[in-house]
Amino acid sequence: MIGQWTRNSTGLQQGIFVSYPDKILVDRCRARDQSAFGEIVARYKNKLYSYIFRMTGNAEDAEDLTQEVFVRMYSSFDTFKNQSSLSTWLFRIASNICIDSFRRNKKNRSIAYSLDEPLHSAEDSEATHEAPDSSYEPHRQYMRIEHQEQIEVALSKLPEKLREVVLLYDLEGAAYDEIAEIVNCPLGTVKSRLFNGRSQLRKLLSDYVAP
Amino acid sequence: MKNCQAIAPLISEYINGTLDSKDVWMVQSHIARCEPCALMAAEFQTLTQLLKKVPERTPTSSFDEKLASRIASLPQPSPRPRFSLSIFWQDMGRSRTTVLRSAIALASACAAVLGIFLVTSRGPNTTAFENAETPLLTHCIEQHRIDSAAQPLSDLSVQDVSARQDAQNQPSDALSYGDDQDNL
Chain A
-11 MIGQWTRNST GLQQGIFVSY PDKILVDRCR ARDQSAFGEI VARYKNKLYS YIFRMTGNAE
49 DAEDLTQEVF VRMYSSFDTF KNQSSLSTWL FRIASNICID SFRRNKKNRS IAYSLDEPLH
109 SAEDSEATHE APDSSYEPHR QYMRIEHQEQ IEVALSKLPE KLREVVLLYD LEGAAYDEIA
169 EIVNCPLGTV KSRLFNGRSQ LRKLLSDYVA P
Chain B
19 MKNCQAIAPL ISEYINGTLD SKDVWMVQSH IARCEPCALM AAEFQTLTQL LKKVPERTPT
79 SSFDEKLASR IASLPQPSPR PRFSLSIFWQ DMGRSRTTVL RSAIALASAC AAVLGIFLVT
139 SRGPNTTAFE NAETPLLTHC IEQHRIDSAA QPLSDLSVQD VSARQDAQNQ PSDALSYGDD
199 QDNL
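Protein sequence lines correspond, in order, to chains A and B. -11 is the number of the first residue of the first sequence in the working numbering; add one for each residue after it. 19 is the number of the first residue of the second sequence in the working numbering; add one for each residue after it.
Hints listed in this document are in silico derivations from the structure and should not be mistaken for laboratory results. Among these hints, one or two may not hold up.
Calculated cross-link-like contacts (lysine to any residue; reagent style SDA-like; alpha-carbon spacing at most 20 Å) [claimed, not checked]:
1. B:K84 with A:N46
2. A:K145 with A:Q188
3. B:K71 with A:S144
Please build the complete structure, drawing on both the sequences and the hints.
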């Protein structure tokens, strides 16, 4: 039916648009193609979830907020003008949702990491921590995991404005101008926040970055 | 030579490879001579490499199902009509003012051209110049006749133009004052 999303009983469809560029997927979504929407979700859900989790510090909230990003995207394809890339648009929505969440909550969002928790939040993840044992070799794996946990803790200690720029540039690989559009600030401010964020991380992770 | 305070903020961009060549040379020259800035550059380099290796987090396996339920519960949008003036006007957004101004300017220009066309096309085989100029020329001649009759002078230049022209047309006994063109 013209104007209506095509649905089926299994929910989101994925697969047939795997190799299509984002622009084509957006055009297909405007034509109410459910499979194209499913492909966009598959492509971006982990990136958005990672970003939102590290901004909010709470896995359950991050999952709800990530879904909210896709719901807002679903409802506003007709108003997306293709002036920016799909990823910039999605992260812009995510950034605004995080700001709204901060304003609602206004609580300390430092993350408490436990060595007993799996490294990944997925239920079927098998990455776990191991206690140091000199007779058992993968201390290197332990060191790597410990590094990563310490990095996550250090990231959580950054002020939100610095943290989001570091996440977008160093973890997500966004360019300066994309970040400026996402967080709605000038290019110079992006560079300044990145420098300040890295400077603070350098102090917090001095044991790991010293040559 | 720039001091550390000026160079330090550039070190982050230097590590990113986003500085232009002039600034790259400036930073390299500085860190070759400044140990604290060289240390900062090395530690930033290590930090960025560590951050790149931080693994992506993943949501729970029920994420897709929950999202599909949320999407299904949204109200279906009504079919968008092929064209609607109100939707077109709404989509114009900030361009509306520009379009309005352009439309008004175009309408004014058309009205002006039409007005000029109507004024200039009064009768067949006549021009506006001729229609405007003939009564004016007649008036000037008449006024000159009146003025010259009121204050006659011996100066040939104020002789009645029409009288002199009449005299010019009588070649045998008319006074000849030379080429009239010199006296006009």
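Now for the hints, and whether the structure bears them out:
For the hint pairing B:K84 with A:N46, the CA-to-CA distance comes to about 18 Å; that is within 20 Å, so the pair holds. Distance check on the hinted pair: A:K145 and A:Q188 sit about 9 Å apart at the alpha-carbon level, within 20 Å; holds. Between B:K71 and A:S144, the direct Cα distance comes to roughly 17 Å. Compliance with the 20 Å bound is thereby established for this hinted pair.
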